[in-house]
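S.K.: Here the protein sequences come in this chain order: A and B.
Take the first sequence: its letter number 312 is residue 312 in this note's numbering, and every next letter is one higher.
Take the second sequence: its letter number 84 is residue 84 in this note's numbering, and every next letter is one higher.
A few of these clues could be false.
To be verified - Below, in silico cross-link-like pairs of lysine to any residue (SDA-like), each with a Cα-Cα straight-line distance of 20 Å or less:
hint	chain 1	residue 1	chain 2	residue 2
1	A	Lys103	B	Gly48
2	A	Lys359	B	Ala43
3	A	Lys102	B	Phe165
4	A	Lys36	B	Phe165
Treat the hints as calculated values from the structure; they're not laboratory data.
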Amino acid sequence: MVAVQNFDDWVSQFHQWQKDIGYDTTLLGDFGFDAKYSEEDSPVIEFGDYKGRPKWQTYGQIPNQQVKDALLNLIVYQGDTEFASVEQQRHLIDTAPSDYDKKSIVRINAEEMRHGWQMAHLLVNHFGETGKVEAKKLLERRSWDNERLLGSFNEPVRHWLDFFVFTEFVDRDGKYQLKMLSRSAFSPLARSMGPMLKEEAFHLGTGHTGLRRIVQAGKIPTTLLQKYVNHWVPTAYDLFGKDKSGTAHWAYVWGIKCRFNEMETEDEVDKAMLNDHNRTLYWKECVELMDQLNTIVPAGETKLYAPSLKFKRAIGEHEGKHFTVDGQPFTGGDAAYADYLKTVLPQPEDEAQLAEIFKTNDWIAPKGK
Amino acid sequence: MGGARGVAPKRYLEEPRFLNELKPLFWANQRKEADAYEDLIYALHPPGSAEECNRLLAFRGLGQVAALGKRESEQKLQKALRTIRYPDVAVLLECAGIEGLTLPKLTTILHFHHPAFPIYSPELVEGLNQLGIPAVFRDEVSEESVFDYAGVIAALDRLKTSVTFENVPESNCFLTRVVEGALVERARRS
């Protein structure tokens with residue numbers, strides 16, 4: 001790809017990315033790719049050491065290089081996830097279980113592309129030559145080559161069960177990240193979040209409704225569905241970052257990323273535990289979502305659950321350690337733990353069972369069909 | 001412009017109030033419609049035949065349109081459904097003159113093919129009027145009513161832009177449907 005000099009250059013490369021990943025852009029219809037900025041919630045910084053001072057409207061107003069670098073990093077990581085999710089999901093369009101599901105996934109893909117577009121708009125227009133280089137790189141990395149920056153976004157989304165679990169849980173992490181940035185001291189970033197969060201509500205609703213329809217149909221046993229929850233949710237826990245994170249600490253101090261419930265809580269902030277705080281709130285929400293689904297789990301089927309925060313973690317205090325899905329230390333060696341994981345995570349025989357189930361469209365049939 | 005001196009136009013008071021209640025109003029409407037919406041939205045395989053469209057209308061409690069059974073009428077309807085592009089509704093005029101096909105029935109069929117389009121109903125218009133947004137309900141498919149429908153779409157688009165993310169429910173429904181459903185519920189409660 002040639003260098004990006006301005007946003008029009010980036011747009012040309014965005015269209016090339018769509019072609020390169022094989023996305024049928026005729027499906028997008030008249031979807032408008034625009035950068036959207038909402039009104040400011042507050043003209044002043046609302047937390048951290050710069051609280052009360054006017055928000056930064058331009059790159060030049062950001063106090064120092066460390067803060068600029070931190071903002072750049074946050075925007076790059078957010079943008080990376082958006083294009084990644086389209087790369088992961090694009091192959092599912094032709095196997096949509098209904099016309100409306102096809103419309104839903106196309107809309108989700110379009111909006112994720114727009115979210116990536118939004119992040120690139122920030123990078124190109126505010127972060128100088130470095131921003132332009134990073135915006136270009138957003139379109140160069142590929143999920144299927146394990147090049148995306150965060151673990152969840154290099155995992156294949158193999159089928160529509162994966163898709164609904166992904167949109168329920170991994171997109172939900174996205175909700176948390178976007179909300180935490182929605183009060184950022186850097187105003188263009190903060191004002192980008194409102195429109196993105198409105199669009200994200202549809203993605204989350206698609207995931208939860210999809211899982212509800214699957215449970216109602218009763219064709220995929222809940223024990224099988226649970227394995228896919230156990231596969232994806234720990235990757236979402238990891239997305240919140242390391243425990244006792246210095247990065248999170250400074251992002252808060254500088255006023256660029258707050259707690260998820262910053263505007264709703266009176267609690268004193270523990271800056272050493274920011275990632276853990278947000279991750280715990282997320283876990284609690286996952287538990288509630290499972291409780292909602294459990295109200296319709298058919299009699300005789302096992303109830304669903306959110307796996308423990310300690311289970312199958314790839315970063316932080318519990319990285320690589322042997323815990324069960326309910327957070328108990330696993331007593332047994334590596335081989336025994338590997339055998340245990342086979343009972344709680346998707347295996348080839350589970351994929352084969354799903355492939356059979358998917359052959360008849362009643363695995364997610366509407367009620368009464 | 002607006003009301004008496006010193007009195008804010010109704011819209012500036014009622015709209016924020018409505019948007020803050022969007023979630024509970026929407027979910028209340030969805031609960032009432034439940035089967036009549038969800039069983040259809042995932043089951044329809046467009047473009048629907050005349051028979052499928054009539055089944056859809058009957059399921060929604062709107063009765064049927066016998067005239068859709070005529071080949072010419074079915075073709076007009078399917079052409080409109082194939083060629084319509086949001087938010088331009090002029091093509092709906094091609095369906096004017098199909099006996100028994102009212103604008104509420106036509107937009108019901110339209111919505112289940114293209115969920116970005118709202119279902120035009122007396123309740124939706126009443127909901128908009130309650131917010132101080134002028135809208136007129138006409139039953140027939142005509143130049144005036146299609147123009148009114150375009151105005152309703154524009155009003156909903158503005159509400160969609162104004163609503164803050166905190167008030168948007170997590171739902172598999174398009175935001176048009178969310179706002180429409182909330183307005184209908186609000187009208188029902190008054």
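S.K.: Checking against the hints above, which ones are violated?
M.R.: The structure breaks only hint 3.
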